[in-house]
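Construct the complete structure from the given sequences, taking the supplied hints into account.
Top to bottom, those sequences are chains H and V.
Each step along the first sequence adds one to the number in my numbering, with nothing skipped, and position 306 is 355.
Each step along the second sequence adds one to the number in my numbering, with nothing skipped, and position 138 is 139.
I should point out that these hints are in silico values taken from the structure, not numbers from a laboratory.
Being a predicted model, the structure only gives us computed values, none of them experimental.
Hints are supplied without guarantee of correctness; some may be wrong.
[Unchecked claim] As a list, the in silico EDC-like pairs of lysine to aspartate or glutamate whose alpha-carbon atoms are at most 16 Å apart:
no.	chain 1	residue 1	chain 2	residue 2
1	H	K197	H	E330
2	H	K358	H	D369
3	H	K86	V	D339
4	H	K343	H	D360
5	V	K378	V	E17
6	H	K205	H	D240
7	H	K100	V	D508
8	H	K343	H	E330
9	H	K187	V	D339
10	H	K205	V	E17
11	H	K86	V	D341
[Stated by the list, open to error] Some residues of chain V that are not near chain H, with every Cβ distance over 10 Å (derived):
no.	residue
12	T18
13	V129
14	G145
15	G188
16	G230
17	L257
18	L264
19	L298
20	P328
21	D344
22	Q387
23	L426
24	L463
In this text, a Cβ means the ideal position worked out from N, Cα and C, and glycines have one as well.
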Amino acid sequence: MHTLRTLLAAVLATTSLAALADTTLTVYTALEADQLKAYQQKFEQEYPDVKLRWVRDSTGIITAKLLAEKANPQADVVMGVAASSLLVLEKEGMLQPYAPKNLARLSKAYVDDSNPPAWVGMDVWGAAICFNTVEAAKQGLKKPESWKDLLKPEYKGKIVMPNPASSGTGYFDVTAWLTLFGEKEGWSYMDKLHQNMAQYTHSGSKPCKQAAAGEFPIGISFEYRAAKLKDGGAPIDLVFPKEGLGWDVEATAILKGTRNLAAARSLADWSASQSANELYEKNFAIVAMPGIAKANPHIPADYEKRLVKQDLRWSAANRDRILAEWTRRYDNKSEPK
Amino acid sequence: MTSLSTPRRLAASRDETQAGALLWLLLALLVVAVLLPLAAILGQAMLAGDGSFAGLAPLRDTLAQPGLARAAGGSLQVALATTALVLPLAYGYAAALTRVALPGRALFRLLALLPLLAPSLLPGISLVYLFGHQGLLKSWFADGSIYGFAGIVLGEAFYTFPHALMILLTALAVGDARLYEAARTLGAGPLRRFATITLPATRYGLVSAAMVVFTLVVTDFGVAKVIGGQYPVLAVEAYKQVIGQQNFPRGAVIGLLLLLPALLSFAVDRWLQRRQGTQVSARAQPLQPLRQPLVRLLALLYCSAVGGALLVLLGTAIAAAFIQQWPYQLSLTLQHFDFDLVDGGGWLAFANSLKLALYTALAGTVLVFLGAWGSSKLRTAGTAGQLLHALAMLPMAVPGLVLGLGYIFFFNHAANPLHGLYGTLAILVLCSVAHFYTTAHMTARTALAQLDGDFEPVAASLKVPLWRTLWRVTLPTCLPAVLDIARYFFVSAMTTVSAVIFLYTPDTVLAAVAVLNMDDAGDTAAAAAMATLIVASSGAACLLFALLSHCLLARSQRWRQPL
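In structure tokens:
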């Protein structure tokens, strides 16, 4: 009897200790699968008592999932999700504002402007076109230099882009065109582009992967995936259309009502830390902490200047309307001929 | 005076009472696993976006969406085209296997069943490598026309072929040689004999096969997801509504639409079975397979072409898994099996799938066999037995996508005491057992029906406990069927995507789901690698079961051998 009681006490003690030692955070993310591991390793190394459990999907799906779970949130933290999506969640009152330790060292342009901020940026990702040079030579295609170039009849059936309803990359392409060309001209641009489009893909990196494999010679995607594939030996050129590039901020936020607030704050702190920014830097040309970014051979030095002047709040406020209009016009496109 | 031949109603013994209670328990389990989730989806289809009750308005709204009409039209077209393609192909193949002295018959039969080992996403992946812009045979489908209608139909043909074949094999296996003899004497040529004897005798099998193919195509979304391009179909639409937009009520409405063809096919099948009756009289002469060299040669060529096409579709994805970077670097590599840097959950997903398949095979076989035994052999089965049998037929009519949706609505409801199951591997096992229940149940019932109904009463009169009769007599004699059921559950759980796609979590990701997510992210080679792992493990499981049954049968089935 006595031994049993000791045993029970020991079991209780170890389990409660374990509970303290190992908080598992459920983190919703739209980060690329090949980025997650490095981030997780570094974080868990610096905060050994917090474990991360990722739920990964494309931006649109993660956003829809978070909104659907509003009454009973399953996530503790969102990390690496588009700021234009987080602004939607902020409007719904779903985010828990928090000023991470390192906030003062981050560029204000990439942090929510309320105080304390509802979300804190990590890096900027922006549009790039992957252009397969081998297939282009075979098919006699000229390299496009601008968004307008993509309307040329020679590219009919040669272009793929992400579906903006599921992909954050697809969404900032659409908002950038609406910003660059104006609402009316923007839609008429997309009407014409639609004529040349072979497919709309689920994820933002698939168009570039398809271009790299020569399946479709032109893929509208983003710079990280493009540079990564070119490094891997894919016969692609990166094109940064001259009218300007759509972009968004990958950001971190804490969900209101999380049962693991202390651990969630640790992740938010880490996400704004120098060591995290040094990891972002390996993937992106612009990171939230100034002075960290280094030059990438595949990305032009004036990359930041090429970004469209674009208001993320406008992108967030008009998200439903723009996606509904896009879906009405282009989704379920009949079979490509 | 009471007649001696009417059995006296004996009071149920204790073990019979136990067995009766067990039967009610199994019935309750089926109600929870099948009936309540279906009821939940019906309820959900009547909710507005904010969760308030809206009657038929969501149904009306969904039906009014222009996208939905297009998707319904698309589904109808691909399903009709696939049926029109698969039916004659499978009929010819089945005829060659059953009616011709075909060299290598067993091999050809095996070849045609190979698609069963693969998830429906695999043919889509293979078609990209064969007929895509960089495909080996890209000139066959110019300008990427494989993406869309053509691709879906070809992929679905691969996926549905073995299902149609199995039905047609049964239909063509029996026949009366006297009819053919008489026709020949009367001067009927081969065509006329076919049109007046073979075709009418197999018409039920044909209708049944057509319904099965049609339903499978309408409710499958794996093929269309990979190779469908922008071609709209209902199953993908339901997936997009639920996963992409988290619009559950609309997903539920589309789910109900998907239920229609399945229910129709189910009803037609029941009706046919009642009408079919006996076709072969007791005096029928067994058919002699055709032996003319020309017929044998033609059959051989035909089966080689069709079987070869299936093999090519299966083999392409497997080959693609080992190629560095198609089409630019053709060196061989194992790097696509390193899933760390791609979506889908990698080796964890594969391990989970193995676990799921194993648990589903174990739990499913035990539950199904006990249910089939109880409902058919138990004197005290009564209402519970009849209800169980009726409910066991239902999963056949419920597409996986619909069942999975029903599980979200039922188990993820905060008021459900079983809410804790949500997100676990256990719910995936439950869902898989329920999804594949009918076929397993029918297999078990058929095997049990072959046993004389007197075993139990005789054993009871000798005071042998019911359970010992089950363990020592019934189970060993039914062993081949039991192994078949376990294999069926294992392979189905390994390859299915449709029911589990809505139920997995990051900790319970599955291999077939990983294939889908990898392809979505553009990692086609990794998707091919994971699909290859699925095919390899379901194939290995089949071999293992074949070996097991061979060994066990040698011991327990000697009674089947003629003395």
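With the threshold set at 16 Å, check whether the alpha-carbon distance from K378/V to E17/V stays at or below it. Between K378/V and E17/V the Cα gap is close to 11 Å, so the pair holds against 16 Å.
Given the hinted pair K205/H and D240/H, is their Cα-Cα distance within 16 Å? holds, 13 Å
Is G188/V truly not at the interface, in the sense that its beta carbon sits beyond 10 Å from all beta carbons of chain H? holds, 50 Å
Keeping to a limit of 16 Å between CA atoms, is the pair of K86/H and D341/V held or broken? Between K86/H and D341/V the Cα gap is close to 8 Å, so the pair holds against 16 Å.
Pairwise hint evaluation, E17/V against K205/H, where the allowed Cα distance is 16 Å at most: violated, 73 Å
Interface exclusion of L426/V relative to chain H, criterion Cβ beyond 10 Å: Non-interface label on L426/V holds, nearest chain H Cβ at 16 Å vs cutoff 10 Å.
When you check the alpha-carbon spacing of K343/H and D360/H, does it fall within 16 Å? violated, 26 Å
Beyond 10 Å from each Cβ of chain H, as asserted for P328/V: violated, 6 Å
Straight-line Cα separation of K86/H and D339/V no greater than 16 Å? Between K86/H and D339/V the Cα gap is close to 13 Å, so the pair holds against 16 Å.
Would the pair K343/H and E330/H pass a check requiring their Cα atoms to be no farther apart than 16 Å? holds, 7 Å
Classify the label on L264/V as holds or violated, using whether its beta-carbon is more than 10 Å from each beta-carbon of chain H. holds, 26 Å
Please confirm whether D344/V is truly not at the interface, meaning its C-beta sits more than 10 Å away from all C-beta atoms of chain H. D344/V not clear of chain H: closest Cβ-Cβ about 4 Å, inside 10 Å.
Violation of the numbered hints given earlier is confined to hints 1, 2, 4, 9, 10, 13, 14, 16, 20 and 21; the remaining hints are satisfied by the structure.
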